[in-house]
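Here's the letter readout for the chains.
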Amino acid sequence: MIKAILIFNNHGKPRLIRFYQYFLNMQLQIKHLCTNKMAEDMQQQIIRETFHLVSKRDDNVCNFLEGGSLIGGSDYKLIYRHYATLYFVFCVDSSESELGILDLIQVFVETLDKCFENVCELDLIFHMDKVHYILQEVVMGGMVLETNMNEIVAQVELQNRMEKSEGGLSGAPARAVSAVKNMNLPEIPRNINIGDINIKVPSLSPF
Amino acid sequence: MALKIVKGSIDRMFDKNLQDLVRGIRNHKEDEAKYISTCIDEIKQELKQDNIAVKANAVCKLTYLQMLGYDVSWAAFNIVEVMSSSKFTYKRIGYLAASQCFHEGTDVIMLTTNQIRKDLSSPHQYDTGVALTGLSCFVTPDLARDLANDIMTLMSHTKPYIRKKAVLIMYKVFLKYPESLRPAFPRLKEKLEDPDPGVQSAAVNVICELARRNPKNYLSLAPLFFKLMTSSTNNWVLIKIIKLFGALTPLEPRLGKKLIEPLTNLIHSTSAMSLLYECVNTVIAVLISLSSGMPNHSASIQLCVQKLRILIEDSDQNLKYLGLLAMSKILKTHPKSVQSHKDLILQCLDDKDESIRLRALDLLYGMVSKKNLMEIVKKLMLHVDKAEGTTYRDELLTKIIDICSQSNYQYITNFEWYISILVELTRLEGTRHGHLIASQMLDVAIRVKAIRGFAVAQMATLLDNAHLLTGNTQRNGICEVLYAAAWICGEFSEHLEDPMQTLEAMLRPKVATLPGHIQAVYVQNAAKLFATVLRKHEGETDSQAAQETSQLLIDRLPLFVQSANLEVQERASCILQLVKYIQKLQQKNVEVAEEVTALFAGELNPVAPKAQKKVPIPEGLDLDAWINEPPSESESEDEKPKAVFTKEEHKHSRSRHTEVDEKELARRREVRKQEQANNPFYIKASPSSQKVYDAPGVEHIPVVQIDLSVPLKVPGMPTSDQYLKLEEERQQKEKAERKKKEKKKKREKRGKERKADSGPESEEDIRPAHQVDIVTEEMPENALPSDDDDKDPNDPHKALDIDLDKPLADSEKLPVRTHRPEVLKSPAEDRVNESIPQETNKGSGKEKKEKKKGKEKDRKRSKEEKKKKKHKEVEEELLESQPEEAIQSEETKEATAPPTSTSTEASDLDFWLCSAPVPPAAQEETAPSSAAAVDTSSAAAPESEPDEPKDAEPEDTKSSKHKKKKQKKEKEEKEKKKKKRHHHHHHHSDAGGEDSVQNGTVEEEEPLPPMSNYSLLAENSYIKMMKEDADQVYDIQGNHQDESKVVVSVIFENKSDSFLKSMEFNVLDSLNSKLQRPEGAGPHDSLTVPFQLPPGVSNEARFVFSVQSIVMPQKLKGTLTFIVKSDESSTHEKLDFKLHFTCTSYLITTPCYSDAYAKLLESGDLKGSSLRLEGISMPFHHLLARICFHHHFSVVERIDSCASMYSRSIQGHHVCLLVKTSDQTVSIDAKCDEPSLLGNVLDEIKQTFSKC
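Protein chains in written order, with full-length UniProt numbering: chain R, 1 to 207; chain W, 1 to 1252.
Simulated from the structure, these hints should not be mistaken for laboratory data.
Glycine is no exception: its CB is placed at the ideal position from the N, C-alpha and C atoms.
Be aware that one or more of the hints could be misleading.
Some, not all, of what chain W presents toward chain R, calculated at C-beta under 8 angstroms [unchecked claim]:
(1) L96
(2) P250
(3) H268
In the DSSO-like style, the derived pairs of lysine-lysine whose C-alpha atoms are separated by at most 30 angstroms in a straight line are [unchecked claim]:
(4) W/K227 to W/K216
(5) R/K13 to W/K189
(6) W/K48 to R/K164
(7) W/K227 to R/K164
(8) R/K130 to W/K379
(9) R/K164 to W/K118
(10) W/K386 to R/K56
(11) W/K44 to R/K164
So the derived label-pair ranges between C-beta atoms look like this [said to hold, decoys possible]:
(12) W/D350 to R/H52: 21 to 29 angstroms
(13) W/L68 to R/E166: 27 to 35 angstroms
(14) R/M38 to W/A564: 32 to 40 angstroms
(15) W/A564 to R/A84: 20 to 28 angstroms
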């Protein structure tokens, strides 16, 4: 099972969080003691801890990390990849294959690249919802749903088309996007540039 | 209206969308929180509008804010509104938001049930898809229960996209609603062979996830997975399956044997590293399960280790990491093969990557030996010095201690060295593991008596230099060591060279800055030291010095009397008064040392950490009963323990009480423990620290003098290294000596080999430097041996430990919502349900599915109507009706006797696993699945009806389901008999009658006696026949009203020394019951038993009978003929027997709901009869259990000493019982639509109870 998927940038800013398990502070785990706010705080705490663990690691060390104290337990592992400005972190238990998940991250990022055409951090920032929809086609409820990129892209596109036929959420999504793309932002995000990922991916032949 | 819409869309133009929000936040870097709070206000406004588009936009923005850590649960209702929009765009936003912020505690979730159900059945696949995805994140037990059936239907959706999602979500449903597992499992299994690879992969995923937690229930799927493994090309699926096999092999070593070959092939052939790695992992698991010395598998181990070495040597850090990880698994069972790669692993210790270093450390743990321990630890100590991060250093520290202390200090040859290492470790800056070092020090000092002198000296220096440890506030953790030091110095003070100096060190004013529990130990042990000092001085008759010592204590102790810590204060003031009193005596020149020492006499024995837990509960002690009135809630919170050591200290001081007190205390402790365990606020102390020290008799402490070859060093300088050198020298010397000896030996016995196992490390040769005896920890008398690992009781997977091979009972159907409570189903319908498990491989299942769909449609229609009502009403209705059902299903589950058909599944697996040739004569085995309960009566019984030849029923129609041979291994009794004497066969009828246990009359004692399924049929000196009383009989040919089939399982056991063969089984058919013979066979032909029996072996065969009328019991006469073949001769033998078909055996355990039961009774179709049983003394529930078990009834309802029971015959007769009991009298009122059947059943029940 995948327990959580976190995407944050080099500064620890969350870009997407997806928890498949409801994490709560150990001491407060008795249900009635928990308010909703605590759940959110816990999530932020986990993000911070994970960022802290991951960010101090060199790029040429291994991509596995024994879980942090919050997600906890020896059964859990953090499996992550670092692309340009973004960290993609999957927290999984022992039923998942480590190399398999690494591959899955790769599939996910490549799918993002296809859907957003040369994905960069900005795409994730401004279209968090779309990233979620793509992720939903890859992982569902903590279990791997689909690993075939073409299938994922096809499903995402069909749904987007359906949305378009309904008129979309906002009348002028293009307006926002173009405005953003031309804006001069303080932190200039680089392209994620899938082409030169120099992490050797153990190939999982065709899915 | 139109205007409103226009206005709404104009409004929207000015609303911020998600992008605007993000941009805004980025532009307000300085006052982000303020900006967001205004945004939230805007969102609140937007949510108040009617326009769903505006709402959806607002919810979308909330999802973003949730990611940033803002609580958005206040908008939960709005999210539900957006979810229920008809437009896909909005629906998707709603479900996304819900999946991000809903959880089990969200109360609006219960409003969503109908909406989700509607979406699930939507004609648009993406509506369904979105609902499934959302549901997978926030499914609750209620939702799971209500929607399980809908999702199950979706598993057979036409679109693979929906199918795979439905399959995956079932896992979540199972977790929340375990009752759904059994009904859904057949379909899930079916999906393993779905044409769509995505669906197949999802099914594999779910089953693997389930099987990982409760592997034993999924063993029977092994053949199917094996097939998938050899046929699938999808690496994801392969990885999952291979991982699953890794979980299954420990349960079934034969499976492992079967797996090795294909896995090895995969290892050789695959190019995918991930697959290779998982294969290696599973091969390792297989090897572990086979670990009991399989020489022919050494090749596999070599292959694994080889491949892993390649991984570890790879430049890819990921592979290196995984290689080490897998290596550590091999280590446990095959340490030798890993040890040869020590170089590589030590090399990994220097890796820049912390994860890899940690893994390498794990491996080191298993690689140490007596010989290399010092060397490895030295290396680790170097790493400790170099380590930059505290986490890694702490990890190193724990590993060093783990490595050294493993298996009871097995590898330590020199404890002085170990103490030095521990002392060196105290110099670690900022470690969290002070208490770990401390407990090691205590453990070694207490258990290794020979080392006490040295330990005490070291501890004294530690105490002397306490300022080094406490000086820096950062080093807080390490001052725990002083606790151990003080205690050791005090307890073993007779070893101290200069107790006075240590005493002074312990009473320095600086001590007052230490944590309270340490101060307390200081004070207590100062008193012990004081006693020693006094004795020393008095021995030297130096009363001046003795008085000075008293004065010292009187001067220093007031500091502690003022301590804020109660424990310290109390101890200090007690001791102060004591010393003052002693001083008075001293001034009168009274010798006091003897008496003071007596205060601390006696040696403390180490007690195993688990000892407390193992104390058996004395008879008559109820741990759950309150001793006093339960305290109020708030009090319990104060009970949190302080530091671990304070508690321990308690225990020492108290352990010196008398024996009786000790017991009382232990009892109280037990009670408190129980209480604490139930108290969620109570943080449990780690068991390792809960050592209790006992005071044994007053034997004197044996003082072992060790002459210290090494002078004490001032801390701050490493001391352990010299031991290493010493050790090396010593070993060299020994080696030289040994060589000499060996040379001699060689000369003496050249022919004899030295040692078979001349590995690099013949550890036996390394003698420890000091002969030490390690005191084993004490365990209480008659401790319970069970090593119960306490599993997490909250683990949701525990509930999923469900036997999946049992056929489905009626009660287990997924709740389908209907308007009215369920009506009793006709037997035919029931049968359909029962056949679900077989559905997978039968086309007939389709029919049923269609039926179900139809039903569902009906239900949906009704739902639509209902929807017009308000949500809450529906919800309430639901909540009312569902739990009832759940309870009932539980009841019935308990009531049904354990079915036997599991064995058929199991035997399938057995068959698949054993590579033996196909079982002979499969035709007999093709019998229908269920077996008939057949009573035996070996006593001479009246003749049964005259036989009338009739053609046997051809039986190939219902074949093919249960082909596999059933192998039963019964206990074998061998009776030695002279072969030649028994030419004539005994018809051991009398003997048989004695030990024949009439079906259902096993006399047994109290708690639910085990009830046997087998009863003796007939026996002679050669062979014993046992009948299985399987409790399931059902009419296979449902259409033929007048003809039912029953299966009789017979176990044949060879009791002789000879080989039995050509067994033929024959029964004289009666008008009513006939043995089914193969087509073409005559009515009197006998059936060949499809096996032969070597001596002592038993085997089982099944015979099918067709029965016409079931209202009367039947007895059939039969004969078994066989050839006894011994070395010299072979003889033809015969054994007669009688088969007894009771009426009970025609009944099928059928659950029934109480309302349906009531209806049935009201209908007036049933005729009544009654029965009274006197002198029944067994408890009521035993009585019920007996009726359930032996007569195939199920309990419908039970109120106190009154129960209603139900059963149904294979021909559909309803049998209802009302059982009442009062003082040894049981009255049974019964109703049935067939009076003669009822009469017979009642007679049989009477007989059952008359026998006990």
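Structure-based check of each hint:
| no. | hint | verdict |
| --- | --- | --- |
| 1 | L96 | holds (5 angstroms) |
| 2 | P250 | violated (15 angstroms) |
| 3 | H268 | violated (16 angstroms) |
| 4 | W/K227 to W/K216 | holds (19 angstroms) |
| 5 | R/K13 to W/K189 | violated (43 angstroms) |
| 6 | W/K48 to R/K164 | holds (26 angstroms) |
| 7 | W/K227 to R/K164 | violated (45 angstroms) |
| 8 | R/K130 to W/K379 | violated (52 angstroms) |
| 9 | R/K164 to W/K118 | holds (23 angstroms) |
| 10 | W/K386 to R/K56 | holds (18 angstroms) |
| 11 | W/K44 to R/K164 | holds (27 angstroms) |
| 12 | W/D350 to R/H52: 21 to 29 angstroms | holds (25 angstroms) |
| 13 | W/L68 to R/E166: 27 to 35 angstroms | holds (28 angstroms) |
| 14 | R/M38 to W/A564: 32 to 40 angstroms | holds (34 angstroms) |
| 15 | W/A564 to R/A84: 20 to 28 angstroms | violated (56 angstroms) |
This entry does not satisfy hints 2, 3, 5, 7, 8, 15, going by the numbered hints stated previously.
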